[in-house]
Amino acid sequence: MGKHDNFIRNETLFGIVPLIKGDRKYGFWDCFLVTSGFAIATWCYEQGAYSAGLVNFQQLIITIFGIGFFFMLLEMLPLWFSTRYGIDLWIWLRAALGKNGVAVMAFLCPVLNFGWYAVTADLFRDSLVQLFGVFGVTIPEVIVPFLGVICVILGVVIALGGPDVIKWASRIMVTALLVVGIIVLFICFSVSPSDITAVQPDLSDYESPIQAFAYSNEGMVAFCFSWSTQAYVLPRLCNSERSAYWSTSAAYGLIAPFFVFLGGVMALAMYAAVGEYTSDPTVMLATLVGPGVSLLALIMVAFANIGTMGNGLYVNDMVIKSAMPKVSYKALVIIMAILISGLTIWGGVSENFGAFISIAAYLQGPINGIILVDCFILRKRKLSLKSAFLLPGHDAYKYPGGVNIIGAISVIVGLICGLMVYNPMTGVIYSDIFYVTTGSGFTLLTGGLCYLILTMTPWGKKYSLRDRDDLEIV
Amino acid sequence: MSTEEMDFEAELEAEVSKRLAIMQEPGYEFPTRMKKIDWIVAGVIMVISIAIVEFATLSTGVM
Numbered sequence: 001m002g003k004h005d006n007f008i009r010n011e012t013l014f015g016i017v018p019l020i021k022g023d024r025k026y027g028f029w030d031c032f033l034v035t036s037g038f039a040i041a042t043w044c045y046e047q048g049a050y051s052a053g054l055v056n057f058q059q060l061i062i063t064i065f066g067i068g069f070f071f072m073l074l075e076m077l078p079l080w081f082s083t084r085y086g087i088d089l090w091i092w093l094r095a096a097l098g099k100n101g102v103a104v105m106a107f108l109c110p111v112l113n114f115g116w117y118a119v120t121a122d123l124f125r126d127s128l129v130q131l132f133g134v135f136g137v138t139i140p141e142v143i144v145p146f147l148g149v150i151c152v153i154l155g156v157v158i159a160l161g162g163p164d165v166i167k168w169a170s171r172i173m174v175t176a177l178l179v180v181g182i183i184v185l186f187i188c189f190s191v192s193p194s195d196i197t198a199v200q201p202d203l204s205d206y207e208s209p210i211q212a213f214a215y216s217n218e219g220m221v222a223f224c225f226s227w228s229t230q231a232y233v234l235p236r237l238c239n240s241e242r243s244a245y246w247s248t249s250a251a252y253g254l255i256a257p258f259f260v261f262l263g264g265v266m267a268l269a270m271y272a273a274v275g276e277y278t279s280d281p282t283v284m285l286a287t288l289v290g291p292g293v294s295l296l297a298l299i300m301v302a303f304a305n306i307g308t309m310g311n312g313l314y315v316n317d318m319v320i321k322s323a324m325p326k327v328s329y330k331a332l333v334i335i336m337a338i339l340i341s342g343l344t345i346w347g348g349v350s351e352n353f354g355a356f357i358s359i360a361a362y363l364q365g366p367i368n369g370i371i372l373v374d375c376f377i378l379r380k381r382k383l384s385l386k387s388a389f390l391l392p393g394h395d396a397y398k399y400p401g402g403v404n405i406i407g408a409i410s411v412i413v414g415l416i417c418g419l420m421v422y423n424p425m426t427g428v429i430y431s432d433i434f435y436v437t438t439g440s441g442f443t444l445l446t447g448g449l450c451y452l453i454l455t456m457t458p459w460g461k462k463y464s465l466r467d468r469d470d471l472e473i474v
Numbered sequence: 001m002s003t004e005e006m007d008f009e010a011e012l013e014a015e016v017s018k019r020l021a022i023m024q025e026p027g028y029e030f031p032t033r034m035k036k037i038d039w040i041v042a043g044v045i046m047v048i049s050i051a052i053v054e055f056a057t058l059s060t061g062v063m
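Line order of the protein sequences matches chains A and B.
At position 395 of the first sequence the residue is numbered 395 (the numbering used here), and the sequence of numbers has no breaks.
At position 53 of the second sequence the residue is numbered 53 (the numbering used here), and the sequence of numbers has no breaks.
Where hints are given, some of them may not hold.
As the list claims (entries may be wrong) - Straight-line alpha carbon distances no greater than 30 Å define the calculated DSS-like cross-link-like pairs of lysine-lysine that follow:
1) 36/B - 382/A
2) 330/A - 382/A
3) 36/B - 25/A
None of these hints come from the bench; they were simulated from the model.
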């Protein structure tokens with residue numbers, strides 16, 4: 001077995017086993033910095049520009065930080081078990097969804113998250129187009145859609161390159177993202193604040209301002225949900241529940257939204273400076289700064305996107321592999337790369353950005369609801385670790401067909417209820433509930449509530465809470 | 001199932017059992033718990049954040 005195969009084998013093994021005292025090395029700042037590096041991807045700018053096209057400046061602050069704080073602090077509440085028992089989300093979810101249920105969801109969630117990586121490939125493509133534009137070269141329209149595939153291929157090279165390549169790609173990615181962040185910050189300060197705050201969005205395509213504001217809120221909730229199923233990995237390494245909770249919440253709930261906010265301000269600055277609205281950060285960078293800085297920014301965006309792609313393929317495929325250890329890592333990387341390439345050649349992800357992120361969030365919402373209810377209300381913060389790891393003689397989480405039918409029904413109910421208030425594929429709002437909870441937020445509420453009600457029935461208790469006399473490690 | 005897969009499953013089960021046995025030992029030191037103040041602060045921030053969002057939604061609707 002080669003060095004790389006050993007690495008994947010060990011990563012898979014140690015991604016599944018419970019981490020113990022000697023493995024816990026991260027304090028608040030370690031976890032905060034590493035998680036922040038992962039959280040500040042280039043799509044933050046796309047997300048900010050998307051919101052800026054829907055709301056005014058004051059609403060932009062509220063939608064980004066209000067939603068960001070609320071949902072990230074809420075989603076991260078169960079994080080304590082990740083630190084205490086050194087386990088990932090998917091191990092606890094074996095109790096709520098069953099072994100095969102987890103395998104299906106741990107596959108679907110990263111797959112749906114790959115829409116974000118299509119955005120990454122699109123941004124890489126756009127940065128190349130802008131870069132060539134700086135030198136006066138126009139790339140033929142026929143070739144443009146395929147430029148994003150270069151980013152995917154380079155991402156595959158990183159993801160398959162082994163530990164050293166991934167480590168160096170991460171360093172380059174974080175450095176490039178920070179350089180771009182500084183340039184964007186400079187842009188934000190270079191335009192008069194009163195010009196930025198005075199910009200009003202063009203809402204001619206919307207029925208009312210509240211509808212546009214609700215779409216922006218929906219986008220931000222979906223953004224928050226996108227982190228939820230992969231946020232439990234690093235806190236396993238933390239030395240206290242407190243440092244894990246606050247560092248992870250701050251990275252995803254404050255730092256990532258701050259970069260989203262910068263993207264929004266950059267979009268407003270673009271409008272204030274040239275009277276033209278665009279949601280493409282590479283066009284903004286090329287337009288708003290001088291040729292030299294623009295060149296540097298676009299090169300950095302290109303590098304950052306390659307690094308994000310490589311890391312994304314690695315992290316998401318490791319999530320799938322931790323739920324399905326027998327599947328080949330290389331095969332997973334290649335399958336995902338083909339999927340992302342297809343999405344970027346199609347070119348519809350960035351155009352239908354709001355729809356894409358909401359579709360993924362509609363699956364992650366019920367899971368968030370289920371884990372909150374399961375962890376705090378039903379199992380009262382006590383899990384049978386031996387049953388969760390399916391050890392012989394500990395069968396509390398063995399369900400017929402490997403699926404906890406209550407968990408499966410709850411995911412489906414959450415999904416259907418979400419679709420009954422808002423259809424992310426068509427953008428049609430069916431109920432005023434959307435304005436209060438958003439569609440994605442409603443999937444969390446209804447999925448969690450359904451799980452609670454069904455499990456609290458006498459049959460549900462017998463079926464799902466068989467672990468109460470098998471709590472040896474608490 | 002291939003020999004390699006069986007090896008992996010056996011290795012995984014052995015490693016998990018070993019680690020859970022360590023965690024079950026008397027005196028094993030779990031990470032320090034979240035304090036009451038952490039839960040309160042998180043709750044307060046969440047309530048204020050969502051209240052501002054809902055208030056802004058209502059205000060936008062009135063506008």
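For each hint, the structure was consulted:
no.	hint	result
1	36/B - 382/A	18 Å, holds
2	330/A - 382/A	36 Å, violated
3	36/B - 25/A	24 Å, holds
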